[in-house]
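Visitor: The chain contents come next:
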Amino acid sequence: MLAFKLAVKNLAGAGLRTWLNAFVLSLAYVVIVWHSGLLEGWNRMARHDMIEWDIGGGEIWFEKYDPYDPFSYQDAHAPVPENWTREVQQGRMTPVLLTTASFYPEGRIQSVLIKGIDPAQSVLKLPADSMRTDEEIVPVMIGKRMADSNHLKKGDYITIRWRDRHGTFDAAEVKIAHIFKANVPTIDNGQIWMPIEQLRQWLKMPGEATYLVLGQNEKPASAEGWTYQGHDRLLAEMDKMIRQKSVGGMILYTLMLLLAMLAIFDTQVFSIFRRQKEIGTQMALGMTRTQVIGLFTIEGAMHGVLAAVMAAVYGIPLLSLQAVRGLKMPEGMDDYGVAVAEKIFPVYSAGLIAGTVVLVMLTTTIVSYWPSRKIAKMKPTDAIRGKLQ
Amino acid sequence: MNGHLITISNLFKHFPMGKGHFTALKDISLNFDEGEFTGIVGPSGSGKTTLLNIIGSLDSPSEGSAVVMGQDIATLTLKAAARLRKRHLGFIFQTYNLLPVYNVFENVEFPLLLLRMSAYERKKAVMHALEWVGLGDKTGSRPKQLSGGECQRVAIARAIVKKPAIVLADEPTANLDAANSHHILKTMSTLNRELKTTFIFATHDDKVIQYLKRKITLEDGKVAKDEMTAGS
Ligand SMILES: Nc1ncnc2c1ncn2[C@@H]1O[C@H](COP(=O)(O)OP(=O)(O)OP(=O)(O)O)[C@@H](O)[C@H]1O
Ligand SMILES: [Mg+2]
Chain Z
27 MLAFKLAVKN LAGAGLRTWL NAFVLSLAYV VIVWHSGLLE GWNRMARHDM IEWDIGGGEI
87 WFEKYDPYDP FSYQDAHAPV PENWTREVQQ GRMTPVLLTT ASFYPEGRIQ SVLIKGIDPA
147 QSVLKLPADS MRTDEEIVPV MIGKRMADSN HLKKGDYITI RWRDRHGTFD AAEVKIAHIF
207 KANVPTIDNG QIWMPIEQLR QWLKMPGEAT YLVLGQNEKP ASAEGWTYQG HDRLLAEMDK
267 MIRQKSVGGM ILYTLMLLLA MLAIFDTQVF SIFRRQKEIG TQMALGMTRT QVIGLFTIEG
327 AMHGVLAAVM AAVYGIPLLS LQAVRGLKMP EGMDDYGVAV AEKIFPVYSA GLIAGTVVLV
387 MLTTTIVSYW PSRKIAKMKP TDAIRGKLQ
Chain C
573 MNGHLITISN LFKHFPMGKG HFTALKDISL NFDEGEFTGI VGPSGSGKTT LLNIIGSLDS
633 PSEGSAVVMG QDIATLTLKA AARLRKRHLG FIFQTYNLLP VYNVFENVEF PLLLLRMSAY
693 ERKKAVMHAL EWVGLGDKTG SRPKQLSGGE CQRVAIARAI VKKPAIVLAD EPTANLDAAN
753 SHHILKTMST LNRELKTTFI FATHDDKVIQ YLKRKITLED GKVAKDEMTA GS
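Protein chains in written order, with the numbering used here: chain Z, 27 to 415; chain C, 573 to 804.
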C-alpha cells in the first residue's frame with residue numbers, strides 16, 4: 027500500500043518521458059483491441075454471410091463430391107433420395123447440381139463452374155428467382171466479381187460448352203439475367219448459376235443433385251451415400267483463414283508491445299541510475315532493498331495503468347465510433363478468399379479487453395522488475411553519494 | 573551490553589584498493605551516551621563519513637565491533653539493519669537528500685509511513701516536527717521551491733519526526749551560509765536538550781564546533797583527541 031502510494035506520487039511528479047511511454051503503451055492497448063475487434067467483427071460477418079448466401083443451415087453432400095477436387099464433379103451426382111422429396115418441395119432444403127464447363131467471354135476460352143439451383147428456392151439469400159423468365163433463352167446469373175473480371179453485363183449473351191453424363195460435348199447460348207452482389211466470394215468467382223432443371227437436362231441427369239443446402243435448423247433423415255456437413259466443417263476453411271490473419275496481428279502486437287517495453291525498460295534503467303541518491307536515502311530511512319525494488323517495480327508497472335487510462339480516453343470514443351460506423355475495407359480485399367464486406371463492424375468483447383489489460387500489465391510489470399533487481403546490488407553508502415556504477 | 577548507547581571497540585575499516593586495501597579507520601574505540609551532542613572533526617579523508625556510516629548501519633566494520641542500541645552492526649542482516657535505521661536512527665545529509673517529487677509534508681511523513689503509523693498520528697507528528705524547525709507554513713512546498721537552509725530544516729524535521737534515539741548528520745552545514753548554519757544548529761541543540769536525542773555530526777565547519785558538547789578529532793583514521801567542550 028505504501029509502495030503503491032509512493033509509486034503514484036513518483037509517477038505523478040515524473041515528466042514528459044512517463045507520458046510518452048504511457049502513450050506508446052496506450053497505442054498498444056488500442057491497436058490490440060482494435061485489430062482483434064476488427065477480426066472478430068469480420069469473422070462474425072463472414073460467418074453470417076456465408077450462412078445466408080452459401081451454406082444455409084448445413085449441407086448434405088453426395089459421397090463422391092469433394093469441393094477441392096474439380097475432377098470429382100464429373101461423378102459427384104445422384105438422384106435426390108426420395109425420403110427428402112417432401113422437404114425439397116416445402117423449401118426446407120434445396121438441391122444444387124455442379125459441373126465444370128467452358129465459356130467464351132470476349133472470344134477467349136475459360137473454364138467455369140456451373141451451379142444449378144431451383145429459381146424458386148428460399149433457403150439461401152441468393153436471388154435465384156431472377157432466373158425466372160418467359161424467354162426462350164436460358165437465363166443465368168453471376169456475381170459481381172465474376173462480371174467485373176470478365177467484363178460481363180446484365181443482358182449479355184455467352185456461350186457455354188459442357189459434357190453430359192456420357193462425355194458428349196454440347197453447347198448453348200445463355201443470357202445473363204442478373205448480376206448479384208454478395209460479400210461471399212465462394213458463390214461468385216468463376217461461377218455461373220442457372221436453373222437446376224435446365225442443367226439436369228443438359229447433363230442428362232434428371233432429378234439429380236451434387237449436394238443439398240439445408241434451411242436453418244433442418245435435420246433431415248439420413249440417406250445412403252449422402253453425408254451431412256455441419257457449419258463447423260463448412261466454415262473450417264474460413265476459420266483457418268481468420269486465424270492466420272490473427273497470427274499476422276499477433277506479430278504486430280508483439281512489435282508494438284516490444285517497442286513500448288523497450289521504452290519502459292530504458293526509462294527504468296535510466297531512472298534507477300539517476301535516482302541512486304533517492305534509493306540510498308530511502309534505504310537510510312529504513313526501507314529494505316525488497317521494498318525499494320517493489321517500489322520501483324510498481325512505479326514501472328503503473329505505466330500500464332496510466333496507459334490504460336489514456337487508451338480509454340481516446341480509444342473508447344474512437345473504437346466505439348468505428349463499431350457503430352463500421353470500417354470501410356479497401357478494394358482488392360476479395361483476394362483473401364473470405365467474405366469481405368465493404369464495411370466491417372468491429373466487435374469488442376469484455377474478454378478481449380480484459381485479456382489485453384492483463385497481457386499489457388503483466389509484460390509491463392516484468393519489464394519494470396527486471397532492471398529494479400539491480401537495486402539489490404547497490405551499497406547504500408555508494409547510492410547515497412550517487413556514485414556511478 | 574554495558575549501558576552505552578553506542579559502543580565502538582577496536583574498530584578497523586578497510587577498503588579494497590588495487591591489489592591490497594586502504595585502511596580508513598584504525599583501531600577506533602569510542603562510547604556514546606544518551607543526550608550527546610558530539611562532533612567528529614578532522615581533515616578531509618580522515619574517516620569521518622566512514623565512521624558515521626558504520627554507526628548508521630549503512631556499512632559494516634572490517635574488524636572490531638560497533639554495537640548500536642544493543643545491536644552488533646557487524647552481524648546484522650540487511651533486514652535487521654534496515655529495521656534499526658527505521659526505528660532508532662535519523663539521518664541528515666550534506667546535500668539534504670529530500671525526495672524531489674514529494675512536498676515538505678510528505679518528505680517528513682515518509683519515515684512514519686515506513687513505521688505504519690496511523691494517518692492521524694502521522695499528521696500530528698509531522699506538524700509538530702515542522703513547527704520545531706520553523707516550517708509549519710510550508711507544508712505544501714516542493715523541495716525545488718525551498719532555499720538550501722529550508723531544505724536542510726525539512727531534512728532535520730524528517731530525521732527527528734519519529735523521535736529516534738540517535739541522529740547522524742554528515743556535514744549538515746557544508747552547503748549553507750553562516751546565518752542558515754547557525755539557525756539549524758540552534759534548532760538541533762534545542763531538540764537535543766528537549767528530546768534527549770543524541771546527535772553525532774561529521775564536520776569540519778568551525779561554526780558547528782562552537783555548539784558541540786563533545787568533540788572527537790580524527791586524524792588519518794585514528795582518534796587523535798576526544799574532549800568535552802563548553803557547548804552552547
Ligand atoms: N567506498 C570506498 N572505497 C574506497 N575508499 C573509500 C571508500 N569510502 C571512503 N574511502 C576512503 O576512506 C577515506 C576516508 O573517507 P571518508 O569519506 O570517511 O573521509 P571524510 O573524513 O568523511 O572526508 P571528507 O571530510 O572529505 O568528507 C578516504 O581516503 C576515502 O578515499
Ligand atoms: Mg565525509
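No wet-lab data here; the hints were simulated from the structure.
Don't take every hint at face value.
Think about it this way: if two alpha-carbon atoms lie no more than 20 Å apart in a straight line, the pair counts; the simulated SDA-like pairs of lysine to any residue are [said to hold, decoys possible]:
1. K651/C to T316/Z
2. K31/Z to Y692/C
3. K31/Z to R694/C
Visitor: Confirm or reject each hint.
Guide: So, going through the hints one by one against the coordinates:
1. K651/C to T316/Z: holds, 9 Å
2. K31/Z to Y692/C: Status holds; Cα separation ~17 Å.
3. K31/Z to R694/C: holds, 15 Å
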